[in-house]
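Construct the complete structure from the given sequences, taking the supplied hints into account.
Note that the protein sequences, when read in sequence, are chains S and X.
Each residue of the first sequence is one higher than the one before, starting from 8 at the first, in the working numbering.
Each residue of the second sequence is one higher than the one before, starting from 8 at the first, in the working numbering.
Accuracy of the hints is not assured; some may be wrong.
Since the list gives no way to pick one copy over another, a pair counts as held whenever it fits inside one copy or between any two copies.
Straight-line C-alpha distance at most 30 Å; calculated DSSO-like pairs for lysine-lysine [unchecked claim]:
#1 Lys229 <-> Lys81
#2 Lys291 <-> Lys229
#3 Lys229 <-> Lys295
#4 Lys81 <-> Lys295
#5 Lys328 <-> Lys229
#6 Lys291 <-> Lys81
Read the hints as simulated data drawn from the structure, not as lab findings.
One-letter residues, chain by chain:
2 protein chains.
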Amino acid sequence: MLQFTIEHTDPSGARAGRVVVRGRAFDTPAFLPVATQASVKALTQRELTDLGAQIVLGNAYHLYLRPGLEVIRKAGGLAAFMAWSGATLTDSGGYQVFSLAPLIEVSEEGVTFRSHIDGAEHFLTPEAAVEVQHEIGADIIMAFDQPVGYPADPAAASEATERSDRWAARCAAAHQGASDQALFGIVQGGFDAGLRRDSAARLSGLPFEGFAIGGLSVGEPKDLTFDLAARTAALLPRERPRYLMGVGTPSDIIRAVACGIDIFDCVLPTRLGRNGTAYTRTGKINLKNSRYQDDLAPLDPGCRCEICATYSRAYLRHLYKCGEILAARALSYHNVHLYLRLMEEIREAIRAGRYREFAAEMLAQRIENG
Amino acid sequence: MLQFTIEHTDPSGARAGRVVVRGRAFDTPAFLPVATQASVKALTQRELTDLGAQIVLGNAYHLYLRPGLEVIRKAGGLAAFMAWSGATLTDSGGYQVFSLAPLIEVSEEGVTFRSHIDGAEHFLTPEAAVEVQHEIGADIIMAFDQPVGYPADPAAASEATERSDRWAARCAAAHQGASDQALFGIVQGGFDAGLRRDSAARLSGLPFEGFAIGGLSVGEPKDLTFDLAARTAALLPRERPRYLMGVGTPSDIIRAVACGIDIFDCVLPTRLGRNGTAYTRTGKINLKNSRYQDDLAPLDPGCRCEICATYSRAYLRHLYKCGEILAARALSYHNVHLYLRLMEEIREAIRAGRYREFAAEMLAQRIENG
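This is the structure we're talking about:
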C-alpha cells in the first residue's frame, strides 16, 4: 500500500507532497538516481544517502538477466542486495526489451527477445514481468508496456498503445492480492494527444497506486514533450503520484513539475558526469574544453558539495583526460548533488506558492544549456 | 631537510620510525599508495586520509607530460593541485622512460624518448629530471636512473649501473642548495650482488637524504629479490630511510621489512582491485570465481573497512561482472585499507620487539597467495 499526501498545490499546478510505501518515505517532486544494475554508476549507497537521495531506480530487465532472481532473492531483495536503506522502484523492462534486446517476436501474449549479454532467448509476458518484480522486491514496480519510438507511424502507435493498455490490465490482475508492493501503470500513446487521452482513461480505471507517463523524451521536440506531458498529467487521478519516466535535464524537470508531475528519473547526471560534463547553476560545462586547463575555480562556484569544496576544474579536467576513475566519481557526485538540491528548491518554491516565478528565474539562468 | 628518527630496531633488523619532511610526517615502515597521474586510482584524497595514508607517490614522467608543469606550478605544486594534505614523493621517471616510452637514444648526457601519449620527442637529462621534480614540488624526489631488466646481460647491467651512478651524482649536484625538497638516490646493479655493492658504495658517498633500491621485483625469482634487497640495505647508511621501489604484495612487504626497509610503494592494491581481486587476511580472492555468485559474506570476514561492513561478495561480484565503477572503488578501498592496516601491525610488532614471530605468523597464513 502506497500513501501519497499532497501537502501543497501551487497556482502553477505543481504539487509538493510525500509518498510512503512499505515504511519508506520520499518527498515529491522526487528525483530518482538510476541504479540500472543495482548501482548508481560511480557512487556508493552511502554517498547517495548523504546527498539526500530517498529512492533509487533499478531495472528489472537488467537484474533479471544479471545477477538473476535467485541471487537477489537469497540476499533478501534488491534493497538488501545493494545495501540501500531507502526506497526502491524497478522499471518493468518494457523499454529495455524494446530498445536494447534483439527482439524475436511480439504477440498479444508477450515478447520473445534475446539477452543483450549472452544472446539467450527469453519469453516475457506482462504477468511474468510483474512476477519478476515481485521477486526483485522493490517498493514500487511498473507495469510491462510497449513504448513507441519517435517519429511514430500512426497505425503502429495505436496498435502498441492498445496492446500496452491490455497488458497493463493483465499486470494489475497479476499483482492484485499477490504483494504489498505498489504497482504503477504506464500511459503510452506515442506522440498523439488522442491516443494518450485514451490510454490515460483506460489506465485510470485500473487499480494502480500511481501512474507513469512513458514513451516521452525519446527524441521528439521539447515543446511536444511538455505539451503531451501536461495534457496527459491532467487526465490522471489527482490523488495518485504521477511519474514522468526518463526525464530529464534540470530544465526539463523544472518545466515538467509545472505540469503536475511528482516523480522523475534520469541517467543524465551520472552519464554526463562520466563523459566530463558538469551541471552548474547556469548550465553545463564540459571539461574537455581546453579553457579549463589551468582553471583553478571549482566546477560550480556557488555549489557546496564536497567536490566543489575540494577540487579545481583544472585538476578534474586532468583526471578526465587521463581516464582516471576519480573524474567519473567526482562529476557524478557533483551532478547528483545538483539534481537533488534542485528538487529541494523546487519543493520549497511550491510550498511557498511561488513556483511559477522560481521556474521562470531558473530557466532564464540556464538558457539553452541544460 | 628530511628528519628520520628510528624509534625501534627489532632483533630481525626491522626498524620503526618517523620521517618528517617540510613539516609533513609519516611513520615507517610506510606504504605509499600510488597516484601516478595525481590520483590514487578509484579513490578520493579524503578516503586516503580516512584510511590512514600519510604520503602518496606521483610520477614525474607522467605529470611532466600531462597536465604539464605549468598547470601544476600555477596550482601551487602537486599536493595543492590534487588537494592532498599529506606528504608527497615523486619518482623521477627513469623507470617510465625506459619501460613505457619508445626510446630514441640513450647517451651519457641523457635520454631522448617519445611521449607514450602523443609521440612528441623529449630529451631528459639528470639535471632536467631534478628540475622537473622541483617544479612539481613533492616533498621527496628521486634521482634519475637507468634500471636494468630481468634477466640482465652482465655487460649491459654494468654499463647501465655505472651510468646511473654518474647520473645520481649529477642529480645531487643539481639539487644541492636549489630546494628544500629531500632528494633520494637509487641503487641499481641489476641482479648482480657485486654491481649492487659498488652502486650502494658510490651512492652512500653522495649527499642524499634517503636511499632507494631500484630495479627489483621486475620478474626475477622472489628469493633473489630479497637476497639482493637485504644485502643492499645492509650497505646503506643506517641513519637514512631505505626505500624498496615498486614492492610489493603484502607477503613481499612483510619479508622486506626484515631486511631493514622503511618505505614501500606498489600499484597492486588498486590494480588488483580494478581487476576484481581482493586481498584478505589469508590471501587473495578473485570475484571472477563463480563460487562467489551467491556468497553473502563480506570480502574479508575479519576486516573492519566500510566496504566489508556494507557489501557482500555476491553484490561486489555482480558489480564487477557488470563493469560497474563501484566494483573498482570498493575493491581498491578495501585493498588499500588492508595494506595500511598491515603497515600499522608491522610497526606495532617492531615496537614490541616481536617482528620475527609476527612475520612468520603472517606469512604462514598467506601461504603462496599474496
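How the hints compare with the structure:
Within a single copy, Lys229 and Lys81 get their C-alpha atoms no closer than 43 Å, and across copies no closer than 43 Å, so neither meets the 30 Å cut-off. For the homomeric pair Lys291 and Lys229, the shortest alpha-carbon distance inside one copy (18 Å) is at most 30 Å, but the shortest distance between copies (52 Å) is not. For the identical chains of this complex, Lys229 and Lys295 are intra-copy neighbours only, at 27 Å inside a copy versus 44 Å across copies, given an alpha-carbon limit of 30 Å. Taking identical chains as interchangeable, the C-alpha atoms of Lys81 and Lys295 lie at most 30 Å apart only when they sit on different chains, with a minimum of 19 Å there against 44 Å within one chain.
When the C-alpha separation of Lys328 and Lys229 is checked against a cutoff of 30 Å, the pair qualifies neither within a copy, at 32 Å, nor between copies, at 37 Å. Taking identical chains as interchangeable, the C-alpha atoms of Lys291 and Lys81 lie at most 30 Å apart only when they sit on different chains, with a minimum of 25 Å there against 42 Å within one chain.
When held up to the earlier numbered hints, the structure conflicts with 1 and 5 and fits the remainder.
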